[in-house]
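Here is what each chain is made of, one letter per residue.
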Amino acid sequence: MAQKGDLLLQMKGVQKRFGGAIALRGTDLSIRAGEIHALLGENGAGKSTMLKILAGVHVNDGGTISIGDKPFTTGSPQASIEQGIAVIYQEPSLFLDLTLAENVFIGRQPMKGVAIDWAQAQSEAARLFAELGVPLDPKRQARGLSIADQQVVEIAKALSMNANIILMDEPTAALSASEVERLMTVMKSLKAANKAVIFVSHRLDEVFAISDYITVMRDGATVSENPVGGTDLQKVIKEMVGRELTELFPKTENKIGDVALEIKDLTNPAYFRNISFTVRHGEIVALAGLVGSGRSEVARAIFGIDKYTTGSVKVNGKDLAKGSPVAAMAEKIALVPEDRRQQGLFMIASVNRNISMESFDRIKGKIFLNFKKERALTEIWREKLSIKYEAQSNPVESLSGGNQQKTVLAKWLATDPDILIVDEPTRGIDVGTKAEVHKLINAAAGEGKAVLMISSELPEVLGMADRIIIMREGHKVAELSRLEATQEKVIAAATTGSKGA
Amino acid sequence: MKLKLRFSWDTSILIILAVVWVAASLTTDNFLSSINVSQIFSNTSEITIMAFGVIFLIILGEIDLSVASILALGSSMLGWSYAKGAPIWLAIIICMAVGTLCGFINGWLVTKVGLGSLAVTIGTLALYRGIANGILGTNTINEFPEFWTGFGFDTIGTSFIPQSLPVIILFGIGFALLLHNTPFGRRTLAIGQSPEAARFAGVNVVRHKIIVFTFTGFMSGVAGVIYTFRFSTAQADNGIGLELLVISACLLGGVSIFGGIGTIWGVIAGVLLAGSVESWLTLREINAQWRTIVTGILLLISVAAPVLINKAKAAKVRAENKS
Amino acid sequence: MNFLSRFKPSSREGSLGLILIVTIAITGIINPRFLTGDGTRDLFTSTAVVALLAIGMAPIIIMRHIDLSVASTVGLTAWFIADLCAKHPEFTWVQCFIIGPIIGMVVGVINGLLVAGLRLPSLVVTLGTLYIVRGAVYVISNSVDYNAQEMPPSLLDLGQKVYFGIMPFTFLLVIFAMLITAWFMKYRKAGRDCYAIGSNPHAADLVGIKVFRRTFLAFVFSGAMSGLAGVFYLMRFAQVDSTAFYGQELAVVAAAVIGGVTIAGGSGTTVGATIGALLVQTIQGGLAAIGVDAFWKSAINGLLLIVAIYADRTLARKSENALLAQRIKERA
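Protein chains in written order, with our numbering: chain A, 1 to 501; chain B, 1 to 323; chain C, 1 to 332.
Bound conformation, chain A alone (with noise of 0.2 Å):
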């Protein structure tokens, strides 16, 4: 058993690339026993794939990585296991079919002679709930589970495994406020019994709340490594940013007309509510705020993939009917979703059909579609877009994430749209196709379409927009204009709710 204070964990200039993309340049990080250490910074900082090193994901090409006194096995999640290295991700996979004693002893369920001794299983889960601080039920099933508790379940099965050192990815993203309360509990109970608790979050002032120390990333290397008491949020969020806003925005002035897009009081209980804003023609509105905040949710409500309880949309003074895509289409709005893979694309259908799949009424007769037509239509738009794929007909999975980013934004750009909502448009994609990305959002406020764009990059939100609406816990906290807005302010918006910093 490790004493308070020994040194569990430390990694020494450690080294990843992925092909040509450097993920980390030399991260450094200490952990010992019986402390809670947050690890900071934007996307692309390099702090998932230091949690992926460290669950036997990946492997690092260089640095030096210690457990305790002996150097760390790596390749595979089950050598990480036996190193005492548990992973909680944000959501957990449970068999939900499952009781939750079952879950915590899967594979490893105690046995008396030639059966599984039930009792003590159950026994064993309740003790180990009960020292989480958190009393579920062992002998209920794990389906219903709110994502809240299914993490306590991942975390009593780290704890059944003897797990020292204890990594959560993005806990209390998907949580709601009085969820991460009680996880923050569990966190202390962790630390209690002399673990190692290293979590990353967006959530400043959770972060504050609970840490003991902090350590902030960017552009994959270690910034700083401090105790709690020995930084403030002004510097860490300065630590995070970091960098002047060097990268170029093709931000054009543009003509500024009516409104296009009016939301009113929008309210679905469960993700968001009272959400009010417009969009006018010719501007760029951004949705900000961290991952759980609502977002996606409020422009999956707007498209009507989903339905809302109350409040109103109105598409250029008209009230457009709630949960129906077919009549948002019908009103010129294109939402290029989040997860391009699961929600935009077709992945083995080919580009030409992904392109037209909205745009049926543009290549048609009057009942047989003309291919003809189909393959000019995507011509049309691989030359705007410079789209890069060998032939039409290869399915779009055989292309590059960034021209398959592209391949979304042109099936939807090619149904004309008056009003165009993009969820983080450039996720996973290189720098130049990112510029590219950022270009044809510019130009199609530019041919006066409403644009609103949601997402979770900062430079990107301060670069492109002409206003910038941010949310928290679902809840609409800041709105900032173009001229108000600094990186500073919108972090300590989005993770705090304040409107000032």
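Some clues are possibly wrong.
27 Å max Cα-Cα, derived DSS-like pairs, lysine-lysine [unchecked claim]: (1) A:Lys139 - C:Lys189; (2) A:Lys139 - C:Lys210; (3) A:Lys307 - B:Lys112; (4) A:Lys264 - C:Lys329.
Far from chain B, by Cβ distances over 12 Å, these chain A residues were calculated [claimed, not checked]: (5) Ala21; (6) Ile65; (7) Asp117; (8) Thr267; (9) Gly402; (10) Ile429; (11) Glu479.
These aren't lab readings, by the way, just hints derived from the structure by calculation. Ideal Cβ positions, reconstructed from N, Cα and C, are used throughout, including at glycine.
Starting from the structure of chain A, add chains B and C where the hints point.
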């Protein structure tokens, strides 16, 4: 320019079909005789008609095991209402209407009530045939107007073409156009490839599925009419067990059981292959029951071949990377 | 109210058992013959084959697979054993009980290799083997039928044997198989793995469950049960031709599903599957007792199945709604 040969099962089956035809006409005297070809077409007509509906369902990622029971219920209603004195045209319409209704019920249970289509249609398979049983019991009705019963057997004029063939060809062309050349067909494929992405593309998935279940029911009703007149019999156990033949014809024709992939000509080839093999075996006076075995083996090959070929390709790539 | 809720069954099998008892009671009131020794014995005798197959099928459905080849396998085994016995008059029931499961296991091994080894969809694979096995029976049998005189008397005697006036030997074996598999599925790690695989196949891979081995063995087990069911078939009917048990595969699936083995995988027990088979048979008997024409039998079966999956869906929806309500409360 490099010619790329891409493996796809629905083109392979056309080759297999051609090979079977060549081999059969070489080894028998009258495989390609007019009467025999006519036989092949007319023996497979109900399966083909039902497969035209079921292929859309499998592409959607759903399944309908109740088609043969719908055929039986429709056929029973046809016979029952005709025996009760309804004019034949009305009886025919009743048969198709009953089929449509049955299909709609399947679709409603799957989409609106939210039950899995495999389980639901195992249920309605028993239910619909059960109702047919309840109505007719062991009675059979086989007094139908000669004009209609001839339809199943007679040929057009003095040619060898069975009268049902134009119907099938018409349906075949119609459904091929529907699946491959219309927005409706594209949406069907899209839903099968990713229901979620289809929703984001503005497809009304629920309505689409109900429509497809309903017209699959309608097609089964049409098959019911043809079956009744071809055998001149309306009875409750008409077409028993045909549902699995229909599904295997679709799978043989390259329709993916996971949805999102399939062609009409593949399915036609699948049906014809099964029919031709049976006919060949019959002509060679080999126990026709070998057909069942051949169907099963082809079915296994149709799912295993793509997997095995991909595995072989992957192994080859690995070997190349090593060296 | 409180008094009543004490009797509320805590498990699905409990509820099913209750429904079964109520059904039997109602039927008994309408037609007292149903509750006599003869009536009960008939119920057990006529359920034995389907119940045994449902027990074999349950682990497969729990793993989110399906085995459509069982009815063909019953036909193959029944005919093959009859054929062997006709050629070897010295055979007794012992040989039958050994050979039957072995033939079935051969089919199971083929299914298992294709489904688990190549990861092919079990629906298609077992549809294929359904045809191949049935075709094999057609070809081998060459339209030869067998009747009681060609079968070992010891086997037929065993088929007639009844304990305590109500319990036929075959159903006693069914109960035996049910208890052993139920114990295995609940108290052995291999059994629990089946539930994990069906509940979340992806996570099952992640936690290191031996998916190939479990899936393969489940199909072999189902094959063995089908083989044994083939022997039961002979014991019950004392005759066999190449169409024996033709087309009954879906009835077996239906019995399991009515017994609470959900087709989406991850839940259900062999006890439930057995009760499901009994319930179907009882309701059939009950309806016959109140004078419903036997022709409606299959319609009732279908309705029963739809009601069963509807009930299952309603339960699932209830827990989804509760979760949503909880989320709304916490967000406020």
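Checked hints:
A distance of roughly 17 Å separates the Cα atoms of A:Lys139 and C:Lys189; the hinted pair therefore holds under the 27 Å criterion. Between A:Lys139 and C:Lys210, the direct Cα distance comes to roughly 25 Å. Compliance with the 27 Å bound is thereby established for this hinted pair. About 17 Å separates the Cα atoms of A:Lys307 and B:Lys112, which keeps this hinted pair within 27 Å; it holds. Taking the CA atoms of A:Lys264 and C:Lys329, the gap is about 22 Å. The hint holds against a cut of 27 Å.
No beta-carbon of chain B comes within 12 Å of the beta-carbon of A:Ala21; the shortest separation is about 21 Å. Taking the minimum C-beta to C-beta distance to chain B, about 29 Å, the non-interface status of A:Ile65 holds against the 12 Å cut. For A:Asp117, the shortest C-beta to C-beta distance to chain B comes to about 35 Å, beyond the 12 Å cut-off, and the non-interface label holds. No Cβ of chain B approaches the Cβ of A:Thr267 within 12 Å, the least distance being about 22 Å, so the stated non-interface status holds.
No beta-carbon of chain B comes within 12 Å of the beta-carbon of A:Gly402; the shortest separation is about 19 Å. No beta-carbon of chain B comes within 12 Å of the beta-carbon of A:Ile429; the shortest separation is about 19 Å. Its beta-carbon lying about 27 Å from the closest one in chain B, A:Glu479 satisfies the requirement of being farther than 12 Å from that chain.
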